[in-house]
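K.L.:
Given chain C, put chain B in place with the hints provided.
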Amino acid sequence: MISRRDLFPVAAAGMLAGYAGFKGGTAGRSARLGNASVAILKAASYSEDLVSRMLQGIRELKLNPRGLKVLLKPNLVEFDPHTCINTDVAVVAAAYEVFKTLGASEVIIGEGPGHRRDTCALAEMARYRGEIEQFDARFVDLNRDDVSPVIGFADRPEMYFPTTALRADLIVSLAKMKTHHWAGATLAMKNFFGLVPGNVYGWPKNELHHIGIDRSIFELSRVFHHSFAIIDGIVGMEGNGPIQGSPKPAGVLVMGSDLPAVDATCCRIMGIDPGRLEYLRLASDRLGVTEEARIEQRGETIRSVRTNFNLIQPFENYRLA
Amino acid sequence: MGDSYLDARLHALRRTQNPDGGWPYFAGKQSWLEPTVYAALALHGEPAADRAWKLLQSWQTRSGAFRPAADVQMESWGTALCITLAVARGEFGDPFERGVEWLLKTEGEDSNLLTRAASVVGLFKPDRNPRYHGWPWKPGTSSWVEPTAHALVALKLASAKRQDRDVTGRIRLGQAELLDLRASDGGWNYGNRTVWGVDLPSYPETTALALIGLQASGVKDVLDAARKIGIERVSPLARAWLAIALRLYGVATPAPTAPPTPDLMLTALEALGCANYRYFKTGGEA
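Those protein sequences? They're chains C and B, same order as listed.
Going by our numbering, the first sequence opens with residue 1, and the numbers climb by one from there.
Going by our numbering, the second sequence opens with residue 1, and the numbers climb by one from there.
Looking at chain C on its own, in the form it has when it is part of the complex (with noise of 0.2 Å):
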């Protein structure tokens, strides 16, 4: 027995002509594919000097802002007290000083949550707008941007997306580390979901459930390819994630250009199989690395920080030897 929201894919995949159609893909980006870097830092609170960790981060991969215009996009999902469902506000607060530090030309925080349509009381609740100064001036709710086309996305001939996000330089993921109950983890790729504008798609963006979770992850991060993430590994969420999960402290965060090799060192560190998560299939040797010999670790290594998050039962089979 198959649930109504597996069944829409599998019809869809029939109509699709396979990747080998794909329009623009991973053309001109071979080189990056030889091997990536990630940085894996340790940070067992948000109340430590999270600026300095980010900023070794980018120095160990040599990435260099300077004049670009930078989004952070977290994620901003929901607001639960009880438990940990956003990227923690001390994370996008660190990264905003890191960036307008290493010269960004200009360094803006957006996001686009996929149920709620109250993004800005969203941001209050996950207190960004207490805590980070001047939060409204520089924050864009990516669901009521205005928006342009591109050309090619699975099986449509154009989606839609945010002018904030497509005129971007460089699209910072700050994603929660956090299990997923359909993809298996949210993780840096998944984390571009809020890219998506609900003007044009609606509150949740079921067309991404339509074309399939899986593909649209690999299609988001195709289209948005200059990009890096820095993940919010300090507390993350176990379980059944991405809201009603329970916190799960890992006590790192996890960064890199190469956001493949990134959610792949990310699984690692959960004890998931990163070959078990399909979107990471479908985006190795294409949009990244995901092979763990192919992918220098900077900082820790994944044995000294790997801490098992708990699997929901569709995915007990998803753990790592």
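Think of the hints as simulated: they come from the structure by calculation, not from any bench.
Do not rely on the hints blindly, as some may be mistaken.
Some chain B residues well away from chain C (every beta-carbon gap over 12 Å; in silico) [to be verified]: (1) D3; (2) Y5; (3) L104; (4) R165; (5) L179.
One-sided excerpt, in silico: chain B residues whose CB lies under 10 Å from chain C [as the list claims (entries may be wrong)]: (6) Q73; (7) R98; (8) L200; (9) T261.
Cβ atoms here follow ideal geometry from the backbone N, Cα and C, with glycine treated the same way.
P.N.:
Relative to the frame of chain C, chain B by itself:
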């Protein structure tokens, strides 16, 4: 609700109308259907509302659907809002007729023939009743609470002009869908009751919208969930929709005092909550 509260909002709307006749979500941006309809309802009777209607008509496609914005080539749930605006304006010509026809033939993929057949033969277990017919945000996707609520309002209003069985039948199936999507706590969220067997909570803003869609449905307890929500404690958007919904049901709400925000859709909804909420009135509760 105080006149100064309403006046501040109407003034903000008058000075932020784009030259094309529409309204953006935030001043200086492109016009979108959704804030344009709400602002036009709030400013009903003024020339600004006439300019908005003229613009919206230019966004209607050959199918009868309206586009969500000038440059977005897509059929939109916002067609329902345009029908509601047309009824408020007494515009029952071709744009109205074609918009209603589009609403009647549009349904979520969760209730199309393929899905119904697949569920009957046991290929999958639907998490909602596929015999009911709600409305999607855009064609080719599933139905959800907000577009279904707005489509119900539009068709109920349209039924004053078109009392045919297509309209009344579709209203019945749409209401059934909305009731089928109700969360275990009695309210509504975006349209999923559970995920992996775990109940999901309702949201105040979608609960308010469901109430608006279910006016005159005969369901006795629809107000219970809304009454439990402390209107002072919810987000500004939820507060605006709750004020509209509760007043449609004849329930008094506290007089707000906050100044307008840069969010023009919210500004328009807050203005509608003061007076012109009556344009959403479809039933006998108010």
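K.L.:
Against this structure, judge whether each hint is valid.
P.N.:
Evaluation of the provided hints:
For B:D3, the condition that its CB be more than 12 Å from all CB atoms of chain C holds, with the nearest at approximately 26 Å. Residue placement check: B:Y5 keeps its beta carbon more than 12 Å from all beta carbons of chain C (closest about 19 Å). Taking the minimum C-beta to C-beta distance to chain C, about 20 Å, the non-interface status of B:L104 holds against the 12 Å cut. With a closest Cβ-Cβ approach of about 29 Å to chain C, B:R165 is found to remain outside the 12 Å limit, as its non-interface label requires.
No Cβ of chain C approaches the Cβ of B:L179 within 12 Å, the least distance being about 18 Å, so the stated non-interface status holds. Restraint check, B:Q73 versus chain C: the minimum CB separation of about 8 Å is within 10 Å; hint holds. Taken as an interface hint, B:R98 does not check out: its beta carbon lies about 22 Å from the nearest beta carbon of chain C, beyond 10 Å. Annotation: B:L200 was flagged as interfacial toward chain C, and the flag holds, the nearest CB pair being 8 Å apart, inside 10 Å.
Proximity of B:T261 to chain C holds as hinted, the smallest CB-CB distance being about 8 Å (cut-off 10 Å).
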